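Engineer: Following the hints, complete the assembly by docking chain B onto the known chain A.
Taken in order, these protein sequences are the chains called A and B.
With my numbering, the residue at position 311 of the first sequence is 311, and numbering never jumps.
With my numbering, the residue at position 496 of the second sequence is 496, and numbering never jumps.
One or more of the hints may lead you astray.
Because identical chains cannot be distinguished in the list, a pair is counted as satisfied if it fits within a single copy or across any two copies.
Claimed, not checked - With a Cα cut of at most 30 Å, we get these calculated DSSO-like pairs of lysine-lysine: (1) 69 <-> 2; (2) 410 <-> 501; (3) 397 <-> 208; (4) 212 <-> 178; (5) 410 <-> 2; (6) 501 <-> 259; (7) 501 <-> 262; (8) 208 <-> 178.
Don't read these hints as lab results, they were simulated from the structure.
If you're wondering where the values come from, they're calculated on a predicted model, not measured in any experiment.
If you want the building blocks of each chain, they are given just below.
There are 2 protein chains.
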Amino acid sequence: MKEGFVGIYVCGPTVYGDPHLGHAKSYISFDVVVRYFRYLGYRVRYVQNITDVGHLTDDADDGEDKMAKQSRIEQLEPMELAEKYTYRYFRDMDRLNVLRPDISPRATGHIPEQIAMIKTLLSKGHAYEIGGNVYFDVTSLPDYGKLSGRKLDEAESGSRVATSDEKRHPADFALWKKADSSHIMQWDSPWGNGFPGWHIECSAMATKYLGKTIDIHGGGLENQFPHHECEIAQCEGTYDEPFVRYWMHNNMVTLNGQKMGKSLGNAISLEQFFTGDHKLLNRPWSPEVIRFFLLQSHYRSTTDFSEEALTSAESGYRNLVEILDLLHLVAQNGTTSFNGNRKGDATAEGKKSKKNDVDEVNSYATGKQDSSGAPFDLQTLKDGLHECMNDDFNSAKAIGFLFEKLRPLKQPLQNGKIPSNIGELSDFVTQFCRDVLAIWSLGKTSDAQDEVPFNEVMQLLLELREQARKNRDWNTADQIRDRLKEIGVTVEDGAGSSTYKLS
Amino acid sequence: MKEGFVGIYVCGPTVYGDPHLGHAKSYISFDVVVRYFRYLGYRVRYVQNITDVGHLTDDADDGEDKMAKQSRIEQLEPMELAEKYTYRYFRDMDRLNVLRPDISPRATGHIPEQIAMIKTLLSKGHAYEIGGNVYFDVTSLPDYGKLSGRKLDEAESGSRVATSDEKRHPADFALWKKADSSHIMQWDSPWGNGFPGWHIECSAMATKYLGKTIDIHGGGLENQFPHHECEIAQCEGTYDEPFVRYWMHNNMVTLNGQKMGKSLGNAISLEQFFTGDHKLLNRPWSPEVIRFFLLQSHYRSTTDFSEEALTSAESGYRNLVEILDLLHLVAQNGTTSFNGNRKGDATAEGKKSKKNDVDEVNSYATGKQDSSGAPFDLQTLKDGLHECMNDDFNSAKAIGFLFEKLRPLKQPLQNGKIPSNIGELSDFVTQFCRDVLAIWSLGKTSDAQDEVPFNEVMQLLLELREQARKNRDWNTADQIRDRLKEIGVTVEDGAGSSTYKLS
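Isolated chain A (complex conformation) (with noise of 0.2 Å):
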């Protein structure tokens, strides 16, 4: 590990369809991790990738092309699917607070690395070709299997899938894979006219930008095996030194103990959370909510999502943002002249939260204010939450122990006790949650749009529909529902009870 730095690649999407939150849960939790690590002083190299190639509708080297065959369903090309889902994507992640990696390579544009890199393996003994397909001979390896704890014997009577004759053994998987006239993405090699296997791609990319050996390698649980293992055969058998310092892998999330996943049928895309257009939403949820609840659970856990676990992080987190601006506001008014702004952060806040702020503000200022109180424990606090996060980046620990520790200021502070602290408190808690955790920015989250309670007065809505129906108030009950189809929004009646959605 160089002093001071970590470098980091995470498995970016394959960018033939909308996000969903198993992508938030992975994207968010690595997160997370980067900015834990910048926040300590360290120089973080992010990279994480996109692919565009190469991933096949079945993992083990068979069926189509992921990307061509969406192509063709939208018919678009390869490379104007690859730009339309790469852009969903990022734009679901910046609504998410999920940082940008610093580099995001694309596979298809890494194509000569990947060639040299089975060129390597071809001269060192580690794979062969036949007919224009090259494959990795994993029998070539000691250790092959060594992350995922499979052996080579029971791949072989495990496997599900149909040997292709050209393997010398299973658990070989494709580098280079030949490609017919028709193939719509192809490029030529040493070995004819082919397009790169799926795992090749990730280490070209990483050891490219992160050396031969990389620091921390991030992924879904469901890309251990075989991505990783494959991954870490490629590397090694090319640079004959440890590919990765620390594997992290993510858990899933379930639907009822059932792996969400878009070839399940039963994902939910992050842009049909934040209008609530799906058929298991009643409502639409906040980029802001989703994230706080994605971090309430451990990203070595599986999140079982549901409404009601969705309605709890809410709560929880109007909780807690109303603890932290309350800090933040009496921080300001208690150390600097009132001049209704926040320092530091101007242009990211809103205009009408600078105005709430400053009522807010005022009503504290008119009150009796003590701030010669005893000092907070923030060195307690502090270590509590950096032991969180030393705790295999514990997000969970770290947002309990932050409601435990911050819960008992809220009565104090309306009344006008205040630590003597409480600069170097809401500065070290600031930190902590816009930085690091990135749950909250400094009233961001009491801005106009996410803090007018508009699922509240939907709510009040509906009821009144309900009222004017159960009286047979019919026009009343037209008006509304047609009323809110024009400002975009559309009432759906359910057996009871309506829901409503975004359009």
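Structural biologist: Structure of chain B alone, referenced to chain A:
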């Protein structure tokens, strides 16, 4: 030209610095071209590249790679630098309402395609290799110079740059450059390690995504020679077919008659315009005004920048938006029952503008309305605008014509004199100003975007309460007021109408 399809390639930015006003002029100009074709019903594929290698500080194949140089200054990997400035480029273009290209290919992501093209040029005798460098032989094409009108003799005698000893003719240009081991970006090639010349990337990517002959190729006038001249030579040398049907070159932005450019030291970045943080600026300027300002001159003309010119553009912009808003609101009010809302675009609206709309529409609603007035001459408006745009996409003329035709409507509309075809008129004007010129989007320009149509929903609630009161249904009226209070919304009853505020 494929029936109903337009392929457009525009030279994109070299991502080693922040985009400035010159970039805005170029990409807004071509944005309007793309939008106008789509408005006319064409399917457009818009390709705009990202240059992240090969663009040297000196046009004549000398000097340092701009990316490598800036990477050293910022102490970033070239790909980190590319990521950073690509992000900032699109961020600023998004603000300017510039549509994303359908494909945004990177030069470093198309090394194999560039090498393949160079191999073809070598095999056809259009290029020669000397010691790891490959040059295009301009004398091998009979019509080199046809775009810029330069003759090879002139190029030879007029060349200011010391000619490389390797070049057979001073106008020959590099297709591939040998890299010594210190060069930070390099790839393996049939001619040894090196990197592509600047011109070859556009030829390789344009033809890959748009075919051998493309409909429109755009870029800044400064790229006409040598860049586009070289592109033609490369493509026609490779494919023996005409490369481009229509060339479009936008002119530059000047400051006191001098070209504005990064290398000239007088460039103002777009970010600086939006924040006002530049010594030549007295205040921030909104993206809407910048866009309007630039579209007020034809793309082939120079735009001379000054704050006086921006002030005048801002005033014109406001006048136009005022008429457009008015037209739209009256149309909505005249054709549907009043609802304080704008059809079909609720989510894009700002709260303040919505509040203002309500006030405005209320004031109109109280006035006399006469929608049986003479019809507005819509055909003349349409024909005139189409004529302007068909005249080499003359947005400046189109804006002038729009003013001329719409201005006389203001007074009558304010007096409640409404043309009988107000709905059609409003629909057309909305489409033209929002989808083609993209200078107005139903109130979006008046304020920050809202995610939820809170104000509209509240207006509906207040209206329902008003109805209940008229019907002496005091229970419902009180229920609404009390429930809102619980939610945090205070209703205040005034003379004849109610307002609300958030507590």
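Engineer: Each hint should be assessed against the structure and marked as holding or not.
Structural biologist: We went through each hint and held it up to the structure:
no. : hint        : verdict
1   : 69 <-> 2    : between (42 Å within a copy, 24 Å between copies)
2   : 410 <-> 501 : between (32 Å within a copy, 25 Å between copies)
3   : 397 <-> 208 : neither (36 Å within a copy, 51 Å between copies)
4   : 212 <-> 178 : both (28 Å within a copy, 25 Å between copies)
5   : 410 <-> 2   : neither (43 Å within a copy, 68 Å between copies)
6   : 501 <-> 259 : within (25 Å within a copy, 44 Å between copies)
7   : 501 <-> 262 : within (22 Å within a copy, 43 Å between copies)
8   : 208 <-> 178 : both (25 Å within a copy, 20 Å between copies)
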